[in-house]
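Line order of the protein sequences matches chains U and F.
Residue numbering for the first sequence follows this note's numbering, beginning at 222 and increasing consecutively.
Residue numbering for the second sequence follows this note's numbering, beginning at -11 and increasing consecutively.
Any given hint might turn out to be false.
[Unchecked claim] The calculated DSSO-like cross-link candidates involving lysine-lysine, where the alpha carbons are at most 27 Å apart (straight line), are:
no.: 1; chain 1: F; residue 1: Lys459; chain 2: F; residue 2: Lys165
no.: 2; chain 1: U; residue 1: Lys493; chain 2: U; residue 2: Lys325
no.: 3; chain 1: U; residue 1: Lys314; chain 2: F; residue 2: Lys165
no.: 4; chain 1: F; residue 1: Lys435; chain 2: F; residue 2: Lys132
no.: 5; chain 1: U; residue 1: Lys493; chain 2: F; residue 2: Lys162
no.: 6; chain 1: F; residue 1: Lys165; chain 2: U; residue 2: Lys325
no.: 7; chain 1: F; residue 1: Lys459; chain 2: F; residue 2: Lys435
no.: 8; chain 1: U; residue 1: Lys493; chain 2: F; residue 2: Lys481
no.: 9; chain 1: F; residue 1: Lys346; chain 2: F; residue 2: Lys389
no.: 10; chain 1: F; residue 1: Lys481; chain 2: F; residue 2: Lys499
no.: 11; chain 1: F; residue 1: Lys165; chain 2: F; residue 2: Lys195
no.: 12; chain 1: U; residue 1: Lys314; chain 2: F; residue 2: Lys162
no.: 13; chain 1: F; residue 1: Lys389; chain 2: U; residue 2: Lys493
no.: 14; chain 1: F; residue 1: Lys162; chain 2: F; residue 2: Lys197
no.: 15; chain 1: F; residue 1: Lys459; chain 2: F; residue 2: Lys481
no.: 16; chain 1: F; residue 1: Lys338; chain 2: F; residue 2: Lys368
no.: 17; chain 1: F; residue 1: Lys279; chain 2: F; residue 2: Lys195
Read the hints as simulated data drawn from the structure, not as lab findings.
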Amino acid sequence: MTTIARIILSRIGQALATAAMLATLCFAFVHALPGDLSLRVAAARVGDERVTSETAERIRREEGLDRPLIVQYGQWMGNLARGDLGRSLLSGKPVTAELAYHTKFTLQLGLIGWLLSYVLALPLGIWAGMRPGGAVDRATEALAVTLASLPAFLVGIGLITLFALTLRWLPPAGFRTFAHMVLPAFTLALSLVAFSIPVIRNAVVEARSAFFMTYARVKGLSPVSALRHHGLRNAAIPVVTFAALQFAFVIDGFVVIETLFNYPGLGELLVKALVARDVPVIMGAGLVIGFAFALVSLLADLARLWLDPRELAEARA
Amino acid sequence: MFRSLPLSRRSVLSLAASATALAALPAPSTAQEAGVLRVAAPWEWTSNEPTDTGYIMARMQIAETLVMVEPDGRLVGGLAESWVIGEDGLTWRFRLRSGVVFHDGSPLTAEVAAASLRRSLAGESMQQVPVASLSAEGNILVLKTKTPFSHLPAVLVDYASVVLAPASYGPDGKVAKVFGTGPFNITRVDGKTVIELERFDRYWGEKAKVARARYTAIPNGDTRTNVAIAGDQDIIFTTVPAASPRIDAAGQMKVESLTIPRVRAMAFNVGLPQFADVRVRRAINMAIDRKGIASAVLRHPGSAATQLLPAAVPAWHDASLTPHAFDAAGANALLDQAGWAKGADGVRAKEGTRLAAKVLTIANRPELAVMATAMQAQLKAIGMELSVEPGPAANIPAAIKDGTMQMTMFARTYVNVPEVIATIIPDFTRERSTWGTLNWPGRDRVKALTDEYVQSFDENRKAQLRKDILKIIHEEVPVAAISWFEHTVAVNKRVKGLVIDPFETRYWLHKVNLM
Chain U
222 MTTIARIILS RIGQALATAA MLATLCFAFV HALPGDLSLR VAAARVGDER VTSETAERIR
282 REEGLDRPLI VQYGQWMGNL ARGDLGRSLL SGKPVTAELA YHTKFTLQLG LIGWLLSYVL
342 ALPLGIWAGM RPGGAVDRAT EALAVTLASL PAFLVGIGLI TLFALTLRWL PPAGFRTFAH
402 MVLPAFTLAL SLVAFSIPVI RNAVVEARSA FFMTYARVKG LSPVSALRHH GLRNAAIPVV
462 TFAALQFAFV IDGFVVIETL FNYPGLGELL VKALVARDVP VIMGAGLVIG FAFALVSLLA
522 DLARLWLDPR ELAEARA
Chain F
-11 MFRSLPLSRR SVLSLAASAT ALAALPAPST AQEAGVLRVA APWEWTSNEP TDTGYIMARM
49 QIAETLVMVE PDGRLVGGLA ESWVIGEDGL TWRFRLRSGV VFHDGSPLTA EVAAASLRRS
109 LAGESMQQVP VASLSAEGNI LVLKTKTPFS HLPAVLVDYA SVVLAPASYG PDGKVAKVFG
169 TGPFNITRVD GKTVIELERF DRYWGEKAKV ARARYTAIPN GDTRTNVAIA GDQDIIFTTV
229 PAASPRIDAA GQMKVESLTI PRVRAMAFNV GLPQFADVRV RRAINMAIDR KGIASAVLRH
289 PGSAATQLLP AAVPAWHDAS LTPHAFDAAG ANALLDQAGW AKGADGVRAK EGTRLAAKVL
349 TIANRPELAV MATAMQAQLK AIGMELSVEP GPAANIPAAI KDGTMQMTMF ARTYVNVPEV
409 IATIIPDFTR ERSTWGTLNW PGRDRVKALT DEYVQSFDEN RKAQLRKDIL KIIHEEVPVA
469 AISWFEHTVA VNKRVKGLVI DPFETRYWLH KVNLM
């Protein structure tokens, strides 16, 4: 087995264990919350006003919520071993179907927003890093600080007010067409850019001050050429790790943006499931998010090994 | 393994660094779709079960009930053309409309209606009907009750009793696909958010004017406001009242509003020593400046409640009752008279009990907490200490059930069934109500009246009983309405013929035309 394959296998094993642990914690936390679980489920199902204690009792009986917790947990783990995540207490639909539907939307918007953020951040960050303390550096720093201090919903409301309500170029909410994706994607991208610009800029500054860059310049390469041939790859290593981390954060949804734009993502599903105490959905989401998080960080590590073969050599040794 | 990859590191990095050009994304316009009636409301399509989402089926006119209600409160035939009650006062015969077909093409028969109704009786909404038997005789559905139940037709308007085709049910008895009888049938459901509908051409009644409709759930109020300002829907139900001027000013949609029998109210645990004396409850009721709250918090002075229900339900509104009015001096005098004296901290007390309470309110109705905070200040002026605790709505029935409730502030519709008695019974005749008072001794007197009401078929007698019930509630203040709801609907300029229904059982979309 090659070193890489060993790394991948052990990391996937770790990911599965982490995900199962996360789901177990979700189970424990939901049951530790105060209040009657069946009553919450009933309220979410039939509406706050129509819920009666009889409804709660009926749901408790029908869904087996009156069984001891250890039995409920054991059954969930047993079903999980067969690849069955159970059914939502709210909709009665299989949890896998619910998760697949919402994950699709989160991945779509998350990927677009994340890519868009690097389309914006990479040129700005690199440019700023080329001349630390220069006008561009100061301007991008101001931009990054401003965006970082604005909560995502405020950025979203600003974009909606300008492009949807005033200029009327784009719809203010929804998910059916590409036009619906533009504003939420930009909102997400801007909130990510705020943190990635400084990381990229610092990585470039650090790479540029390295000894090998001085050597490249001494041997006669132009600043741009030296950066392109020697600087970028080295600068990319911390940036890739950071970008992966940001993407991992994006995977578990961006509740505020989803709510504001009426977008059916994973974050919204999870928040509603928490309010409704929809235990199977919460545990399923914990499992999927935990696994996806670990998977993305594995991909980031592989990308780093690809960019920096020195680490691979160390791993082999 | 990396060696075999066709990409060079340099090319990937260069591409990433020069990808700025991609940022110039196309910006498509928000064209209105011709011929599609776009309807938005806060409620999500969480499941296919009529007990859960039957209100969306009924409002969007996908599925129908045996009896329906007109905007003026009259009960009319739905899937049942007419009905009669037998001499025994127990046997109801509903004659079904002929020629009704479900969206899957199957015919409506009395057997099918009986089977569908049996499922809804098992649910909670119709539990109060004392059903003895349910059977079919030709095209007549026969429902026998154990005791006389005079408002049965009104209960059959309840959305949980919508009639679905037999093919709707899966092998597990759950609804797999919704086949109703309404003027619109479902063509596609997208998650919990979007339902695509088309006109059902074999509909038994007046056919829909538009060929297609789309329901979109927008739970967030601010998002509904934005969509209304942008004019991105044709009809938006339940817009945020405070946003109406902004929506109107944008010029795309206009907000129509109507006072409905939905109430924001406070309720007391009458079993507590501080609330046992009716004079204290009256004093608290008098200390609340409803008009102030209605104009400052709700931005609608007309919504201040003068009694339990608004004139929109004429049968349950008694104009002869003295309206609830703000009178802080009168409230103070009443408390003095009842023996509650102000202590050093400004809070009144009597025999070691402080005039203090914790009011539970509902977090996802943000105006309630603001109203409760306003009441906190107003009650301080009469020497009462109020602490406000917002939380999930289910906390209120839970606190009533386990007896920990002190005071509550909640929103309640009294026309889930278009006969208010169906809500009065669970809220005012039990020691532990569903959404109302706790330990109120007056419940026995109300129960005697509601028992007679339910069993009576004499309309004059029932009118008197309604007056008596309202009078007891008004004078004893176990529950007091603070404000009535305004039903707000934003309507696009291109919509013609919309009917706004205070009962909200259906949206009357079949009458709507798009210009």
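Does the alpha-carbon distance linking Lys459 of chain F and Lys481 of chain F stay inside the 27 Å limit? Not OK: Lys459 of chain F and Lys481 of chain F at ~44 Å, beyond 27 Å, violated.
Hint consistency between Lys389 of chain F and Lys493 of chain U [alpha-carbon to alpha-carbon, up to 27 Å]: 25 Å, holds
Given the proposed pairing of Lys493 of chain U with Lys325 of chain U, does the C-alpha separation stay at or below 27 Å? Holds, because 17 Å separates the two Cα atoms, which is no more than 27 Å.
Could you grab the alpha-carbon distance between Lys435 of chain F and Lys132 of chain F and see if it respects the 27 Å cut-off? 23 Å, holds
Straight-line alpha-carbon gap Lys338 of chain F to Lys368 of chain F, limit 27 Å: The given pair, whose Cα atoms are some 16 Å apart, holds under the 27 Å limit.
Taking 27 Å as the top limit, are the C-alpha atoms of Lys314 of chain U and Lys165 of chain F close enough? 13 Å, holds
For a C-alpha distance cap of 27 Å, please report whether Lys459 of chain F and Lys435 of chain F respect it. Given that 27 Å is the threshold and the Cα spacing comes to 14 Å, the pair holds.
Verify the proposed pairing of Lys493 of chain U with Lys481 of chain F, using a straight-line Cα cut of 27 Å. 34 Å, violated
Take the C-alpha atoms of Lys493 of chain U and Lys162 of chain F, compute the straight-line distance between them, and say whether it is at most 27 Å. This hinted pair holds, its Cα atoms lying about 23 Å apart.
Next pair to validate is Lys165 of chain F with Lys325 of chain U; report whether the Cα-Cα distance is within 27 Å. 23 Å, holds
Going straight from one Cα to the other, do Lys459 of chain F and Lys165 of chain F come out at no more than 27 Å? Judged against 27 Å, a Cα distance of about 47 Å means the pair is violated.
Take a quick look at whether Lys346 of chain F and Lys389 of chain F sit within 27 Å of each other, Cα to Cα. 16 Å, holds
Hint check: violations occur at hints 1, 8, 14, 15 and 17; the rest are consistent with the structure.
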